[in-house]
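Asks: Fit chain B to the given chain A structure using the hints.
There are 2 protein chains.
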Amino acid sequence: MLQSSLLSAGRLPMDFNELRKDYLLDRWVVIATKRARRPTDFAVKEKKQQAKTSACPMCPGNEHMTPPAVLLYLKKGRALKKAKDRNGIRSKDWLIRVIPNLYPAFTPPSSKTETRRIGRSEGLANAVGHHEVIVESPCHDEHPADAGSQQLLHVVNAYLDRLRALSRKPYIKYVSIFRNYGLDAGASLSHAHSQVIATPFIPKTVEEEMKASKKHFKKKGRCIFCEILAKESKSPRFITQNFSFVAFAPYASVNPMEFWIVPKKHQVTPLEMSPAEVKAFTVMLKECLAGLKELVNDPPYNYGFHLALDRKARKHYHWHLEVYPKLATWAGFEKSTGVYINTVTPETAAETLRARLKNPPKS
Amino acid sequence: MLQSSLLSAGRLPMDFNELRKDYLLDRWVVIATKRARRPTDFAVKEKKQQAKTSACPMCPGNEHMTPPAVLLYLKKGRALKKAKDRNGIRSKDWLIRVIPNLYPAFTPPSSKTETRRIGRSEGLANAVGHHEVIVESPCHDEHPADAGSQQLLHVVNAYLDRLRALSRKPYIKYVSIFRNYGLDAGASLSHAHSQVIATPFIPKTVEEEMKASKKHFKKKGRCIFCEILAKESKSPRFITQNFSFVAFAPYASVNPMEFWIVPKKHQVTPLEMSPAEVKAFTVMLKECLAGLKELVNDPPYNYGFHLALDRKARKHYHWHLEVYPKLATWAGFEKSTGVYINTVTPETAAETLRARLKNPPKS
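Residue numbers (the numbering used here), protein chains in the order written: chain A, 1 to 363; chain B, 1 to 363.
Since the hints were derived computationally from the structure, they do not count as laboratory data.
There's no promise every hint is true.
Same chains, same label: a pair holds when it works inside one copy or across any pair of copies.
[As the list claims (entries may be wrong)] Pairs of lysine-lysine residues, derived as DSSO-like cross-links and limited to a Cα-Cα distance of at most 27 Å, are as follows:
hint	residue 1	residue 2
1	K215	K204
2	K220	K204
3	K34	K173
4	K34	K204
From a predicted model like this one, the values you see are computed outputs, not experimental measurements.
Bound-form chain A, shown alone:
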C-alpha cells in the first residue's frame, strides 16, 4: 500500500511489532513495519484523475450554482473586504467564499421551537447544526502546499471567522473544521475547499480527549498537551518548529505519516491566536503539507482541528491540528475492534518528512 519512497529509504529500523497507546484516548495501535512489505496481487490503481469532469460549482462564474455565501473575502484594491451575498445576488471577484453545504449532514433549526427541542433522548435527536464549505481559492486546484502565503492566510482567517460566528449560536456545542483532499480521502469535489460542521454536542473523540486531559490536570496540575509538546520537541518524532508552533509525528499515530501541529502557548481554541501566531501557523501548515506532497507523491489526506469551546476546559485542553495522510485502508480488524495497525513508525515518518522540508529545523 505504501509508497516506495518510504520503503526504499533504507533507513527503516529493524522490523518490529509494538503496541502503543494514544496520549489521551484508550486507543491502541500496533506499529507493524514488516506488514508494509506484504505483497498484493491486485492490479495497481492508477493515479486518480483529478481533472474536472463537469462544471465546478465552486469555480468563479458558477456562483449561481450554490446557495448565497455566508462569508466572502472580496478584493478591494489592495485591501480586503468581508461581506455576504445579499438579495439573492452572488458577488464576484472573491478570494474566499464560504457557502452552506448543499448536501448538509447537519441543518440549522427551522424555528425557535426546534431550537428548544434539541436534546438527546432514547438515542434519537435532530441533526441540528451547520455544515458549510470554505472555498479556499478562485483557482480550482490550489493545493495549500502551492498556494500563496497570503491566500493561505485568508483560508485560516476564514476558519477563525466561521469558528467565531458559529460557536456563538446557543444550540452549538462544537465546531469541527476539516479538510478532505482527494477522492480516496472522501472529497467529492476536487476544487480546493475545507468544511465546517457545527454540532449540538461535543463529538465522541473530542469528549474523550477532554475527559482524559481533565483527569491529567487534576492529578498533575499541568496540561498534558504542554507536557507532550515538551517531550516530542526533543524526541525522534519531532519534525519542525517555529516561534509559535511545533510539528511532530504522534507517538501512537494510527495513520502512516500522520503529524500534528500544536501551539507552544497553552491555548484552548485557535481563536486565541494573535495575528502573528496565525501567520506562523499558516507557514508551518504550508511547509509540512508541501513536504508530505513531495515525499509521498501528492497523497490524499484529511486534516481536522481539535479544540474546546467550553471555558471550563481552559486549563486542561490545548487546541491542535491533526493531519492524516490516507495511505492505508482500515479493514475488518480496525472496524470491529477499534485497534489500529500502522505499518510506518512515527519515528520514520518524522525522519523522512523532516528531510523534505524546505526550511529544515536547525539541529
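Replies: Structure of chain B alone, referenced to chain A:
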C-alpha cells in the same frame, strides 16, 4: 459514492437528517440521505481488476510459498480429516488451509519469559499474539455468496477450530475473526480468505460493548442483545431469519447497507453453537452476502465477529457478526470526531436487501 441501484429504487423516504445513537456504544451517526446525491467531479473509478497479477501464495501448488499450515481440512474420500503440515512438508489436496500470516500484526511470544512480561505499562507493550490466514477454498476467487454450502460450512468450522485453540492460550484475551473482501476494503490478496488475530487484551470496541451490556444487565436483569433482537425482528430494519438466527440492519448503522447476524439463543461465543446452528448460520451468511453482492454490484466489504471469551460476560454479552459493506469513505469529520455520517437509512438498507434474497422471509 453510492450505487445507483439504491438511489433509483424510488423507495427512499423523504430526505432527512437524523442523529442516532448506537445500541451500546457512545457513538452517534447522522443519517443524511440527501448527501447520497451530492455530485462528484472526480472521474468515475473503474471497477478494480480482481484478476491475479502474480502467482498466488494461497493457490494449490504454491503451498511452499507460505509457512506450514497450523490447521488443514483434508479430503479423505467422503470424509474430512483435520491435520497440520509436519516436518516442513506442505500437504496438498486440502479444502481449508490455516497458515500463520507472513506479515503479522501480532506475533507469538518467543520465550516463556516474554509470555510472562506481557502487560501494559506507560503506553507500550509487546504486540504478542497470533495472526493467521484462513484460506477458504482451493478456488482462487470463491466468494462466499457462490461457494458450495459444504465448503462454507468448512470455513465456519475452521473459524471455530481456531477460536477454540487460540482462546486456550494463557496470554490471549480476545480472538478477532474477520474477512476483508476487495482492495478498497483493505484486502491485499484476492484469494478467498479470512483472518484471525488473537490479542493479549480485549479490544476497545468490544470492551465498550461489554461494559455497556453489563451495565444494562445490572439495571434491567436482561441481555440487551436479546432485547434488540426482539425489537428489530419486528422493525422495518428486519432482513431475514431462520430457526436459529436473525439478520437486520442496525438502528444506528455507521456503514451504508450494514447488517448484523445474531443468534436467537443467548450465546456468548460462537463456540456454543450446535452443529445444526453452525449450519443455520452458514446458510444465512451465504444468503445475505449473495443478496448484497447482487444488489450493489459485488461491493468490497468487511465482516467481523464480536464475542466474549470471559466467562463472567456469559449473562450479559451475546455474540454476533457485523458486516460492513465498503460503499463510503470516512473522511476528516469522522476521523477527527468519532461521529459518522451514513447516507443510506438502515430501513432502506433492509428493504432493498430483503428484496434481493433468494428465500425472502414470509411476512
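Asks: Against this structure, judge whether each hint is valid.
Replies: Evaluation of the provided hints:
In the homo-oligomer, the alpha carbons of K215 and K204 lie at most 27 Å apart both inside one protomer (16 Å) and across protomers (19 Å), since each shortest distance falls under that limit. Taking CA atoms no more than 27 Å apart as the test, K220 paired with K204 passes in both settings, with 24 Å inside one copy and 26 Å between copies. Taking the closest pair of Cα atoms, K34 and K173 come within 27 Å of each other only across two copies (24 Å); inside a single copy the shortest separation is 42 Å, beyond that limit. In this assembly of identical chains, the alpha carbons of K34 and K204 lie at most 27 Å apart only when taken from different copies (24 Å versus 32 Å within one copy).
In the structure shown, no violation is registered for any of the earlier numbered hints.
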